[in-house]
Amino acid sequence: MKKFASLLLIFVFVASMLAGCAGGGEDQVTLNVYNWGDYIDESILEDFEAETGIRVNYEMFATNEDMYVKIKQGGTKYDIAFPSDYMIEKMQNEDMLHKIDMSKVPNYSLIMDEFKGLDFDPNEEFSVPYMWGTVGILYNKSLVTDPVDSWDILWDEKYKGNILMMDSQRDTLMVALKKLGYSMNTRNVDELEEAKQLLIDQKPLVLAYVGDNAKDMMMSEEAAMAVVWSGEAIQVMTEMDGFEYAYPKEGTNLWFDSIVIPKTSEHVEEAHMFIDFLNREDIAFRNADYIGYSSPNTGAVEQISDELKAMSAAYPDMSKLDNAEVFLDPGSFIEEFNRVWTELKAQ
Amino acid sequence: MSKWAKRIYASLIFLFLYAPIIVLIVFSFNAGKYSGNWEGFSFRWYQELVDNSSIMKALYYTLTVAFASSIIATIIGTFAAFGIHHMRPVKKTIMLNVNNIPVLNPDIVTGVALMTLFGFVKMKFGVSTMLIAHITFNIPYVILSVLPKLKQLPQDALEAAMDLGATPWYAFRKVIFPEILPGIVTGCLIAFTLSVDDFVISFFTTGNGVTNLSIAIFSMARRGIKPVINALSTIMFGTVLGLLLIVNRRTGDLSELDV
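Quick note, the sequences are listed as chains A and B, same order. Counting from 1, position 282 in the first sequence corresponds to residue 629 in the numbering used here; the numbering is continuous, with no gaps. Counting from 1, position 122 in the second sequence corresponds to residue 125 in the numbering used here; the numbering is continuous, with no gaps.
Hints are computed from structural coordinates only; laboratory data are not their basis. Hints are supplied without guarantee of correctness; some may be wrong.
As the list claims (entries may be wrong) - EDC-like, lysine to aspartate or glutamate: derived pairs with alpha carbons at most 16 Å apart:
no., chain 1, residue 1, chain 2, residue 2
1, A, K656, A, D636
2, B, K229, A, D563
3, B, K36, A, D559
The structure displayed is predicted, hence computed values, not measured ones.
Whenever a hint applies, use it, and build me the whole structure from the sequences.
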């Protein structure tokens, strides 16, 4: 009897703990923010609460597709989300986004002109850029003796076993497509097949297809060069000397993560306030400083250290991006991309 | 000769099992941010862990839901196992097959199914939905742990106790329950472990700011796992190891656990 009673007691105790924390603070306005993992300086959220009295429920996702499923499903009424370029286009096509009234976001004027009116949001109605970057080749200056200015070097026999490719479907297929001179947003199956064959031919030279551990592998000199996002390159280069980041001349991927307001939002006014807050000079700078990626906010960039501003991985000369493309939503053509990637990985 | 071969073989097995964990623990004391770069001994990440409110919140939800769901699932599962054990063969087979479905189903099917169900009844996602989901996938494992112990009992133990004057409830408490207790404990521990570990089902059934450790860690996939997670994992590993040592001391010898 004692055992049963104590068990029941534990159950009641735990259940009441849960009930207690579920209750509280229903009358305060709460914003549901959905962002990538480790993609904001969390003290900013505390400051926002202190300044406006609006509570922030902060959730994190790992991929655009996960975020899309959760928002579409509607169990949580998300007010703010941070999708990537092609996902914004897809969500817009499915009428999932609220229009952003830029007059309520005065700090939008601080966004660099080059990043206004992008391909996925040409009329500047649905998104405000948050972070941006590119894809390029990070290489160890002491191990790579040739000049690095083209994707061709990843197919160079001299660096066999010293090359890291990205374990990301669209980024790696982009490398091959760009090398062949095609668009990364192609809808031509033949072009995709050519890219697939090129990557299969490259496989004997590749050490591994890696995700986020490219940084660690490069720093411990397990490989001489890696295809990485600019943000990763910035982190490596601020941590250690001897590395350089190259923009291949055939062109590369220019990516954006932007802030949107899903149609599920019940606090559209407050969502606008949040976006405006994030783009305030001091806040945008703190954020860019913490995340370490490139910020599209001129107010933030001004306060960034000269060392970082000079780093071409972070803030390149815009001419380097002449041949760069932004990902567009492939629509049903994603099936072909999926098939090609599966066949490539299976080799 | 063969004694040494056995010892070497066993040590190799343990080495393979624990090498990643040891590396994890060692690098939780790394002053630098990346595992490619050892920069000296430091408690920096442990300090940052305590300061990091979102990870502490995730830990809180993880442990709360794990404790609650494993206890509730154990209670429900034990009584269910008892019921299934006494069923007629045809009904028993059907119930056992139904019971096996959540076990054999891929997590994502269970997760999406539950998400659709909760959406259909228009529940607000959060702790309650996550708790219900965890209880749902835990119950079959408890049933599967308790049933074998019930089978090992002499068939008429319950009847014999009642013949001697016990009420059914007293008979259950004093005769059946102590015998199946090892199975119940095993079931509870399995349920707890599965709950802490779960990502897919939790991801699809949570919302409104409620998150657990698995979701928090998995969402760092794009940016790289922060060493704060190393510190947290070390603490969790140490806690579990400590608890196991204490339990083993108290119980005397391992055979009593009958796992």
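Each hint, compared with the structure:
| no. | hint | in the structure |
| --- | --- | --- |
| 1 | A:K656 / A:D636 | holds (12 Å) |
| 2 | B:K229 / A:D563 | holds (12 Å) |
| 3 | B:K36 / A:D559 | holds (13 Å) |
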